[in-house]
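K.L.:
Single-letter residue listing:
Protein chains: 2
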Amino acid sequence: MSRSLLMSVEEAIAALLAMAQVQRLQDSEPVVLGEARQRVLANDLIATLDLPPWPNSAMDGYALNVGDWTGEPLAVSQQIFAGVAPEALLPGTCARIFTGAPVPAGANCVEMQENVQVLEDGRVRFTQPLSVSQNIRPQGQENQAGQVLLAAGKRLGPFELAIAAAQGCTHVPVVRRPRVALLSTGDELAEPGTPLKPGCIYNSNRTLLSHWLSALGCEVIDGGILPDQPQRTRLKLEQLQHAADLILTTGGVSAGDADCLGQVLRECGKPLFWKLAIKPGKPLTVGYFGNVPMIGLPGNPTSALVTFGLLARAYLLRIQGVEDVTPLSFMVNISFDWPKAGNRREYLRARLEEGKAVLYPNQSSGVLLGASWADGLVEIPEGHTLQAGDTARFIPFCDLF
Amino acid sequence: MSRSLLMSVEEAIAALLAMAQVQRLQDSEPVVLGEARQRVLANDLIATLDLPPWPNSAMDGYALNVGDWTGEPLAVSQQIFAGVAPEALLPGTCARIFTGAPVPAGANCVEMQENVQVLEDGRVRFTQPLSVSQNIRPQGQENQAGQVLLAAGKRLGPFELAIAAAQGCTHVPVVRRPRVALLSTGDELAEPGTPLKPGCIYNSNRTLLSHWLSALGCEVIDGGILPDQPQRTRLKLEQLQHAADLILTTGGVSAGDADCLGQVLRECGKPLFWKLAIKPGKPLTVGYFGNVPMIGLPGNPTSALVTFGLLARAYLLRIQGVEDVTPLSFMVNISFDWPKAGNRREYLRARLEEGKAVLYPNQSSGVLLGASWADGLVEIPEGHTLQAGDTARFIPFCDLF
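As you go down the protein sequences, you meet chains F and Z in turn.
Position 141, counted from 1, in the first sequence is what my numbering calls 141; the numbers after and before it change by one each time, with no gaps.
Position 386, counted from 1, in the second sequence is what my numbering calls 386; the numbers after and before it change by one each time, with no gaps.
By construction, these hints were calculated from the structure, which means they are not laboratory data.
There could be a bad hint or two in this list.
[To be verified] Derived lysine to aspartate or glutamate pairs resembling DMTMM-like cross-links, with alpha carbons at most 20 Å apart: (1) F:LYS340 <-> F:GLU382; (2) F:LYS275 <-> F:GLU10; (3) Z:LYS340 <-> Z:ASP390; (4) F:LYS270 <-> F:GLU238; (5) F:LYS197 <-> Z:GLU87; (6) Z:LYS279 <-> Z:GLU354; (7) Z:LYS356 <-> F:ASP324; (8) F:LYS356 <-> Z:ASP399; (9) F:LYS356 <-> Z:ASP324; (10) Z:LYS356 <-> F:ASP390; (11) F:LYS356 <-> Z:ASP390; (12) F:LYS282 <-> F:GLU382; (13) F:LYS275 <-> Z:GLU114; (14) Z:LYS279 <-> F:GLU114; (15) Z:LYS275 <-> Z:GLU382; (16) Z:LYS197 <-> F:GLU87; (17) Z:LYS340 <-> Z:GLU379; (18) Z:LYS356 <-> F:ASP399; (19) F:LYS279 <-> F:GLU267; (20) F:LYS270 <-> F:GLU11; (21) F:LYS282 <-> F:GLU379; (22) Z:LYS197 <-> F:ASP50; (23) Z:LYS275 <-> Z:GLU10; (24) Z:LYS356 <-> Z:ASP399; (25) Z:LYS275 <-> F:ASP324; (26) F:LYS279 <-> F:GLU11; (27) Z:LYS356 <-> F:GLU354; (28) Z:LYS279 <-> Z:ASP337; (29) Z:LYS282 <-> F:GLU114; (30) F:LYS282 <-> Z:GLU114; (31) Z:LYS282 <-> Z:GLU354; (32) F:LYS356 <-> Z:GLU382; (33) F:LYS197 <-> Z:ASP50.
All chains should be modelled from the sequences, with the hints used to inform the complete structure.
P.N.:
What follows is the structure, given as structure tokens:
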């Protein structure tokens, strides 16, 4: 097959993101912090508070005004614990103060307790040079009221939700969940838990993708297993198009006679592109059925995994408003030779061992064990040969969820 | 402070893992695949099926016995779709076959449809050289019955659950969830959603840690906010020790008079270690209260984040039986100078930009915004100076969840 018939990975991602731009979800909802993980922020989170809300002590020690310090011991005029509002500092005295406690008006320095001498009469002698602002966290050092803390489109994890909690928020506005109708196609597919008939295999893609979709904030509409029958396929798609923001399918998109999903899409829908310069995953098919976008992943588990992780994931994040949909990646040395340049960009399951990418021995697109063994994907650009010790891009799986 | 008083990060991790070994959770429970993500496998998952269960075709094409091929066209004696049990191949004929369909007994080769010529009478002429096993995925290529697919102690994500589904499993045996009592200490802490009194700040650590604990498979017992009062602290710990596998606290573990959690642990419990050679996070305190392990994280949000991610996480995974608790890391070039060697190992919030680690400008331990901005942590070993262009270890946050 000539390379020119295949669409590059970049072009396919660009086409999917252009589609996503049109399909951006407009509705949002307030969600309690405890349930907002893996959702996407709908509006900028703007600080309502300076943090810290007042200057506070970074140490356990003594607060004083440097101008009052003559070298003579100072009397301790108050104790300031965290969580209380202190009185203004009595001139010519110091205050016992603890970490996180507000620095009293009139004080401009905190000396750590390790550097003072407490006399028998309770007065305190400072033994080291003192400077203004020392050990004081100024008001607003972390953020100032009015500042944008998190921009709309930010995915919410533990860090982001803690930032919202620190502002006193109990809820955050998030984009509504994308509703994804998940359809597995193939006469050979059996449900786990049922007896396996001759010629059949258990459906694993639904488990793979429903967990992954949840991790990306999606609501999964289980469309079940669809036999390879154009009429039933068409009816099912017609039914799902009213319920879903995206129809996500596995299998049925190769060129063969039995691959009726691609066939139905060509006859009754609007295919946009199919056949990618990617390995595994060449048959990925994207289009519209009615007004509903449809992404047809190949049926082989690793092909489904690679195309979902590198392409469908970006689409699903972007319709939620996520700007940066490019997964984390970095260059690594490879421990293997790649003597034959391919006409498709190849993604190999690999582990990092002492900084080098080591391949899972069986790179067949049917083999999911390799993905579980691996830390991520090594990307081999089309048209390239490589030798052990060369560098290649590595995409860790952990950032794809 | 002399360096010798501080415990190294390695020693602290080793001590926590030794503790975890004693505290390993023994109970397991079967959990339906749809709810088993982020849990830990309790027993080896052993294949009950060869995968594929029978030799099948990797292509849409024609199955034949290479011995029957003389250069003359062959009649097509059957059509084999995926999901059916084919009859044995009639000698001297070929069979139409589709991707994933079982190869019939008697056939030993599949030729892709692009390489055949279908004659008007329906017979098929093979135009390219043929070889035995070509385009056939042998039975058991992915795995063989009896093989260990996933070892006990494996964390279950979408890939692992799909592997279980492919074997026909509906449930997997997982280690029971660790019950973690989460306590925030400090008179200054206010609940989000309540008015903020002078001198107070909102509690963000509970939000940070409860989400993170869930992601690690834990059940969170909310111990609320505890004032800095030794008597109440002690009562609370006595009450929680019967409900929890671990008491996880934030704040109250520095050396100051108001840090009563450390004080209560020293008086009524059994502290094991405190004061680590880590920045941020030096006050991390580990011990037992009664028979219950207790990890006291520092109260500053970034200190809590770093010590939870690098130390408490490892403990919580190991009590569930996870063997490899070391997070993914790799070496990166740094874009900054580090002119002053510290006496503690320092973890800086950084982003990867074109492969280089770029620091968040404000590395104060109070500032959570940096963690949200960053991709992970750059590790600066104690006693080292570095220059821009040098390499340092980078730990991406995504693998810490």
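K.L.:
Now tell me, hint by hint, if it's right for this structure.
P.N.:
Hint by hint, here is what the structure shows:
Distance restraint check for LYS340 of chain F and GLU382 of chain F: the Cα-Cα separation of roughly 10 Å lies within the 20 Å cut-off, and the hinted pair is therefore satisfied. For the hint linking LYS275 of chain F to GLU10 of chain F, the alpha-carbon distance of about 13 Å falls within 20 Å, and the restraint holds. Proposed proximity of LYS340 of chain Z and ASP390 of chain Z is supported: the alpha carbons are some 15 Å apart, at most 20 Å. With a CA separation close to 13 Å, the supplied pair LYS270 of chain F and GLU238 of chain F stays within the 20 Å bound.
Straight-line distance between C-alpha atoms of LYS197 of chain F and GLU87 of chain Z comes to about 15 Å, which keeps the hinted pair within the 20 Å bound. Annotation: proposed proximity of LYS279 of chain Z to GLU354 of chain Z is violated, straight-line Cα distance about 26 Å (limit 20 Å). Taking the CA atoms of LYS356 of chain Z and ASP324 of chain F, the gap is near 18 Å; set against the 20 Å cutoff, the hint holds. For the given pair, LYS356 of chain F sits about 18 Å from ASP399 of chain Z by alpha-carbon distance, which is consistent with the 20 Å threshold.
As the CA atoms of LYS356 of chain F and ASP324 of chain Z are separated by approximately 18 Å, the hinted pair is consistent with the 20 Å bound. Distance restraint check for LYS356 of chain Z and ASP390 of chain F: the Cα-Cα separation of roughly 19 Å lies within the 20 Å cut-off, and the hinted pair is therefore satisfied. A distance of roughly 19 Å separates the Cα atoms of LYS356 of chain F and ASP390 of chain Z; the hinted pair therefore holds under the 20 Å criterion. With a C-alpha separation of about 13 Å, the suggested pairing of LYS282 of chain F with GLU382 of chain F holds against the 20 Å cut-off.
Between LYS275 of chain F and GLU114 of chain Z, the direct Cα distance comes to roughly 16 Å. Compliance with the 20 Å bound is thereby established for this hinted pair. Proximity of LYS279 of chain Z to GLU114 of chain F is assessed by CA-CA distance (about 19 Å); at most 20 Å being required, the pair is judged to hold. Of the pairs offered as hints, the one joining LYS275 of chain Z and GLU382 of chain Z holds, with about 15 Å between alpha carbons and a cut-off of 20 Å not exceeded. With a C-alpha separation of about 15 Å, the suggested pairing of LYS197 of chain Z with GLU87 of chain F holds against the 20 Å cut-off.
With a C-alpha separation of about 14 Å, the suggested pairing of LYS340 of chain Z with GLU379 of chain Z holds against the 20 Å cut-off. Restraint check for LYS356 of chain Z and ASP399 of chain F: the C-alpha separation of about 18 Å stays at or below 20 Å, so the hint holds. A threshold of 20 Å between alpha carbons decides the hint, and for LYS279 of chain F with GLU267 of chain F the separation of about 27 Å lies outside it, so the pair is violated. Only pairs whose Cα atoms come within 20 Å are accepted, and LYS270 of chain F paired with GLU11 of chain F is accepted, the gap being roughly 18 Å.
Distance check on the hinted pair: LYS282 of chain F and GLU379 of chain F sit about 15 Å apart at the alpha-carbon level, within 20 Å; holds. Between LYS197 of chain Z and ASP50 of chain F the alpha-carbon distance is near 14 Å, which keeps this suggested pair within the 20 Å criterion. A threshold of 20 Å between alpha carbons decides the hint, and for LYS275 of chain Z with GLU10 of chain Z the separation of about 13 Å falls inside it, so the pair holds. For the proposed pair LYS356 of chain Z and ASP399 of chain Z, the alpha carbon gap of about 19 Å is at most 20 Å, so the pair holds.
Under the criterion of a C-alpha separation no larger than 20 Å, the hint pairing LYS275 of chain Z with ASP324 of chain F is inconsistent with the structure, at around 39 Å. Proximity of LYS279 of chain F to GLU11 of chain F is assessed by CA-CA distance (about 15 Å); at most 20 Å being required, the pair is judged to hold. This hinted pair checks out: LYS356 of chain Z and GLU354 of chain F have alpha carbons roughly 19 Å apart, not beyond 20 Å. For the suggested pair LYS279 of chain Z and ASP337 of chain Z, the alpha carbons sit about 17 Å apart, so the restraint of at most 20 Å is met.
For the proposed pair LYS282 of chain Z and GLU114 of chain F, the alpha carbon gap of about 16 Å is at most 20 Å, so the pair holds. Among the hinted pairs, LYS282 of chain F with GLU114 of chain Z is consistent with the structure: their alpha-carbon atoms are about 16 Å apart, no more than 20 Å. At roughly 32 Å between alpha-carbon atoms, LYS282 of chain Z and GLU354 of chain Z are farther apart than 20 Å, so this suggested pair is violated. Proposed proximity of LYS356 of chain F and GLU382 of chain Z is contradicted: the alpha carbons are some 25 Å apart, above 20 Å.
The straight-line distance between the Cα atoms of LYS197 of chain F and ASP50 of chain Z is roughly 14 Å, inside the 20 Å bound, and the hint therefore holds.
In the structure shown, a violation is registered for the earlier hints numbered 6, 19, 25, 31 and 32, in ascending order.
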